[in-house]
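Once you've looked at the hints, dock chain B against the given chain A.
Number of protein chains: 2
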Amino acid sequence: PYKVPLDPQGLLQLSWNVSYPEQVVHFQLLVRDLRFGLLFGMSDRGEFENADLAVLWSDGHNSYFGDAWSDAKGQLHMDSQQDYQLLGARKAPEGLYLLFRRAFSTCDPKDYLIEDGTVHLIYGILEKPVHSLQAINISAIHRGLQRVQLLKPNITIPELPSDMKTMEITAPNIVIPSQETTYWCYMAELPAGFSKHHIIMYEPVITVGNEALVHHMEVFQCAAKFDSFPHYNGPCDSKMKPDRLNYCRHVLAAWAMGAQAFYYPEEAGLAFGGPGSSRYLRLEVHYHNPLVFKGRHDSSGIRLYFTATLRRYDAGIMELGLVYTPVMAIPPGEDAFILTGYCTDKCTQLALPAAGIRIFASQLHTHLAGRKVVTVLSRDGRERQVVNADGHYSPHFQEIRMLKELVAVYPGDELITTCTYNTEDRSRATVGGFGILEEMCVNYVHYYPQTQLELCKSAVDPGYLHRYFNLVNRFNDEEVCTCPQVSVPQQFFSVPWNAFNRDVLKSLYGFAPISMHCNKSSAVRFPGEWEKQPLPTITERLREPVPHCPPAPGPRPSAPVPLNLGELRR
Amino acid sequence: PYKVPLDPQGLLQLSWNVSYPEQVVHFQLLVRDLRFGLLFGMSDRGEFENADLAVLWSDGHNSYFGDAWSDAKGQLHMDSQQDYQLLGARKAPEGLYLLFRRAFSTCDPKDYLIEDGTVHLIYGILEKPVHSLQAINISAIHRGLQRVQLLKPNITIPELPSDMKTMEITAPNIVIPSQETTYWCYMAELPAGFSKHHIIMYEPVITVGNEALVHHMEVFQCAAKFDSFPHYNGPCDSKMKPDRLNYCRHVLAAWAMGAQAFYYPEEAGLAFGGPGSSRYLRLEVHYHNPLVFKGRHDSSGIRLYFTATLRRYDAGIMELGLVYTPVMAIPPGEDAFILTGYCTDKCTQLALPAAGIRIFASQLHTHLAGRKVVTVLSRDGRERQVVNADGHYSPHFQEIRMLKELVAVYPGDELITTCTYNTEDRSRATVGGFGILEEMCVNYVHYYPQTQLELCKSAVDPGYLHRYFNLVNRFNDEEVCTCPQVSVPQQFFSVPWNAFNRDVLKSLYGFAPISMHCNKSSAVRFPGEWEKQPLPTITERLREPVPHCPPAPGPRPSAPVPLNLGELRR
Chain A
1 PYKVPLDPQG LLQLSWNVSY PEQVVHFQLL VRDLRFGLLF GMSDRGEFEN ADLAVLWSDG
61 HNSYFGDAWS DAKGQLHMDS QQDYQLLGAR KAPEGLYLLF RRAFSTCDPK DYLIEDGTVH
121 LIYGILEKPV HSLQAINISA IHRGLQRVQL LKPNITIPEL PSDMKTMEIT APNIVIPSQE
181 TTYWCYMAEL PAGFSKHHII MYEPVITVGN EALVHHMEVF QCAAKFDSFP HYNGPCDSKM
241 KPDRLNYCRH VLAAWAMGAQ AFYYPEEAGL AFGGPGSSRY LRLEVHYHNP LVFKGRHDSS
301 GIRLYFTATL RRYDAGIMEL GLVYTPVMAI PPGEDAFILT GYCTDKCTQL ALPAAGIRIF
361 ASQLHTHLAG RKVVTVLSRD GRERQVVNAD GHYSPHFQEI RMLKELVAVY PGDELITTCT
421 YNTEDRSRAT VGGFGILEEM CVNYVHYYPQ TQLELCKSAV DPGYLHRYFN LVNRFNDEEV
481 CTCPQVSVPQ QFFSVPWNAF NRDVLKSLYG FAPISMHCNK SSAVRFPGEW EKQPLPTITE
541 RLREPVPHCP PAPGPRPSAP VPLNLGELRR
Chain B
1 PYKVPLDPQG LLQLSWNVSY PEQVVHFQLL VRDLRFGLLF GMSDRGEFEN ADLAVLWSDG
61 HNSYFGDAWS DAKGQLHMDS QQDYQLLGAR KAPEGLYLLF RRAFSTCDPK DYLIEDGTVH
121 LIYGILEKPV HSLQAINISA IHRGLQRVQL LKPNITIPEL PSDMKTMEIT APNIVIPSQE
181 TTYWCYMAEL PAGFSKHHII MYEPVITVGN EALVHHMEVF QCAAKFDSFP HYNGPCDSKM
241 KPDRLNYCRH VLAAWAMGAQ AFYYPEEAGL AFGGPGSSRY LRLEVHYHNP LVFKGRHDSS
301 GIRLYFTATL RRYDAGIMEL GLVYTPVMAI PPGEDAFILT GYCTDKCTQL ALPAAGIRIF
361 ASQLHTHLAG RKVVTVLSRD GRERQVVNAD GHYSPHFQEI RMLKELVAVY PGDELITTCT
421 YNTEDRSRAT VGGFGILEEM CVNYVHYYPQ TQLELCKSAV DPGYLHRYFN LVNRFNDEEV
481 CTCPQVSVPQ QFFSVPWNAF NRDVLKSLYG FAPISMHCNK SSAVRFPGEW EKQPLPTITE
541 RLREPVPHCP PAPGPRPSAP VPLNLGELRR
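Order-wise, the sequence lines are chains A and B.
Going by full-length UniProt numbering, 44 is the number at position 44 of the first sequence; the sequence numbering is gapless.
Going by full-length UniProt numbering, 411 is the number at position 411 of the second sequence; the sequence numbering is gapless.
Any given hint could turn out to be false.
A pair holds if it fits inside one copy or across any two, identical chains being indistinguishable in the list.
Unchecked claim - Here are the simulated DSSO-like pairs of lysine-lysine, each with C-alpha atoms no more than 30 Å apart in a straight line:
1. Lys-294 / Lys-239
2. Lys-152 / Lys-110
3. Lys-506 / Lys-372
4. Lys-506 / Lys-532
5. Lys-404 / Lys-165
6. Lys-372 / Lys-532
7. Lys-520 / Lys-404
8. Lys-110 / Lys-3
9. Lys-294 / Lys-3
10. Lys-239 / Lys-225
11. Lys-225 / Lys-241
These are computed hints drawn from the structure, not numbers from a lab.
Next up, chain A with everything else stripped away, as it sits in the complex:
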């Protein structure tokens, strides 16, 4: 049921399905132009070293299939336990179909553990015959990566009403620019007098042939405070783009490669139209065109399904995580620095209805240094449930994900969002902020019924950060002055990042009180004292799930499986 092209030419087409009872993924790989074999696999972030691979290779006469792994140098080895299990191989006019299965967890330490969230799939095409697995030089082959959410939630599709209508917000037959990356902006407009409706579902509309180029798409609603917006159609980073388009930021729909139709739960819909909401919509399409195709026309976009028969609840979107402020910063040269944003019991106590809210979807967001994001629900100091977690998060793959099950949040609950960053390639501190080289730590949660709480985020108390800068000045023998008269980013940039100053910053963030943003709409706080709030205390952590290793399903030869594919052409 799920499908994604692996390479930008669409030569490799992956389909898969997930069996939760069996904890197994079935893969079907369509290879349109088989040469002398291919590699398919998974790795932490899409690298070809330390990867877990299924390999089909041919010496020109005979073909073999095996479960392999690559070491830190990229050298391939046969796995001692064969966990990519070949189920079949079939030649058809359109290409070769390979069918295989893989358990989520194999308990082989060389194997990748398939978890919720992003999975980095990698592929490689063998263009010459090879005599053995060990003879494959993975640095010399045509290869690439594709990010997908492999473990799609198993959700029953709600019944759709008979009065449902559709509307397509699509690009008007544009020419995709012949460059690797384009963000295209197109403005659409709802009909005059369009009354309040509920969006209850949406799905991608992709121009046939461009499946491998359309990377992700979003539809935003513009701000109601402006009566009109210009009808722009062009690259989002063009100098010609009117500034006012920056006021079109309220997400109505978001799709990314590999995602499918998005259904609202049957008791809720996303309101649009009617008084107090803008008629203007902005479509943004990210084209990823690494092979720099020229003259490709495209009319892709999103099809909204909506109804005038309003459902019981309006859906809402709430922002969890960190406030966009430079007081939250990451030292340079860190491989996994952690920042945490809190939505405290005090805020949920005040802002949520007694019956609670239900979170049904989540979109994680950081800028370029983000590597992992997780939000955990805590009640009475005890972690109860993961709201959404992505241990292989990529800022290049931000989709709205349905949760496997609704998460109920009640007054007094705490929502703790933790982001892990990598700044190994940076030479100065990365501070929080809006810039692409600044960082964010956000989880946009989609929930119902809608409340006034739009934003429940935190940042460290600035007074304690000031004490930190004082300490840095006093503690180091070097002549440094992270002086208070300069800005917080400037103070961070002057810290000498020795082990002590790094450690103490971590300790500060884990200890100092926080400033809470418990806001109605942008910048309007709920009444109350929100400064110097204590950090939530956690007395009981969620336990890491112990990977469950399925009993060996039938024989697993540790030798390659010969395939009868006939001679492969050179």
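Relative to the frame of chain A, chain B by itself:
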């Protein structure tokens, strides 16, 4: 070849041998008075929860053997993989012999990993018939623990010279006090005019019947600066003990339960006798008498083997780790706080001969909070070799251990000693020092050829610690003053131990420069600048050895093995 009584009555006698090629331990357990079964096993620190157990149980008619584990509540469960493999059971006049084997590592996560260093063996005696493993209530049975070094090094015994003589330093038929713990002190004296000899071996002499009571013994040589010492014979903590005995601290021999004869390497011996050394020796015997036997006579001690034909090298003892100073402290309530002592490249460069020294034995030492000790050799910033490691270290079991192989240390090498402490039961900071409630982190390494370097230890620079106390004063909102006019212990006792102050102390110890003690004999430093020295930098750590899981040796039923022992008497 190795033997130890498990219980203080000597009802359970364990013998074992170790096969390094097979990575297996063979156990033989002699049960003198079998009732309805017994438990034997291993756990992290001798607890009966989360333990790995071999169980023999009887319902009164039939007997069974199985590999089991206990959960965090002490409930027993059958292991899914049977790794204690029964090899035989044999009734003899003296009792039942059980023979079984166990691989060092089984890769069953419920199993204990047998490593170098201390192993906490546990035993329990079933005094009533039980119908199943699950029916055993381990909190209600007669049980206990015994510490041993299970993985004895596999050393070839050096040839002994024909002119070898022996001397017994033994207690003079004393009556063991009827109390749980006694340290007995007895003074002995070398003959007048006794010339320089080499001790080349020593072994325990234990009065028959007292094998389970004699816990450990040491022979110390007294300081040469006093011409004579009183002939004391009595408890070491007695008010009657002359103070001068405190000057008898140079270790000549040390033995602990389960240890065997100690052999010096054939090219070295420990010098004693001759000019410049005291003729007075102090024997210290620790009697462990938990059943409070009365009127037991004892003449246990140590038999020294020595020769007048001096070997090529004098052996020496060097002290590595931390200086005995309160600047190194452990906050209260820590489950695993780490302190590290350094022997720097600068000191070894100055003090060691170009050909290096060879370490052949090691005695780890902490006070009551110590839980792990390890010394690692680092060269050019890269960790090369573990000198000695004990991951289950107990301050109640300090023996001199032969190393599996000689460790060569050259000028410029670094020796890094790390101790892990548990202070969960303490309410104030534990500072470094001589007191039993203060802490030490020491590795006495035995090596040859003897050099002038007696002590190569470190402590944090006191100026940096002073900055830490200042920081604590400034950073905390509470009114605290860890004021410089009071002593360092007093300053530590006034620190409010919140998460920040704990973290920053750790960061300080991991960052601040050190004061090196690179000493000839007590308190005489080698010439040079030893204050505010940089911490050694480590660019490459030793990798944790990956437990090697042996292939299943023959069938391993996961059901209990029935034994034919006949009916057991009530």
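Here is how each hint holds up against the structure:
no., hint, verdict
1, Lys-294 / Lys-239, "within (22 Å within a copy, 98 Å between copies)"
2, Lys-152 / Lys-110, "within (24 Å within a copy, 33 Å between copies)"
3, Lys-506 / Lys-372, "both (17 Å within a copy, 26 Å between copies)"
4, Lys-506 / Lys-532, "both (18 Å within a copy, 26 Å between copies)"
5, Lys-404 / Lys-165, "within (27 Å within a copy, 79 Å between copies)"
6, Lys-372 / Lys-532, "within (27 Å within a copy, 40 Å between copies)"
7, Lys-520 / Lys-404, "within (28 Å within a copy, 68 Å between copies)"
8, Lys-110 / Lys-3, "within (27 Å within a copy, 41 Å between copies)"
9, Lys-294 / Lys-3, "within (26 Å within a copy, 82 Å between copies)"
10, Lys-239 / Lys-225, "within (24 Å within a copy, 90 Å between copies)"
11, Lys-225 / Lys-241, "within (19 Å within a copy, 92 Å between copies)"
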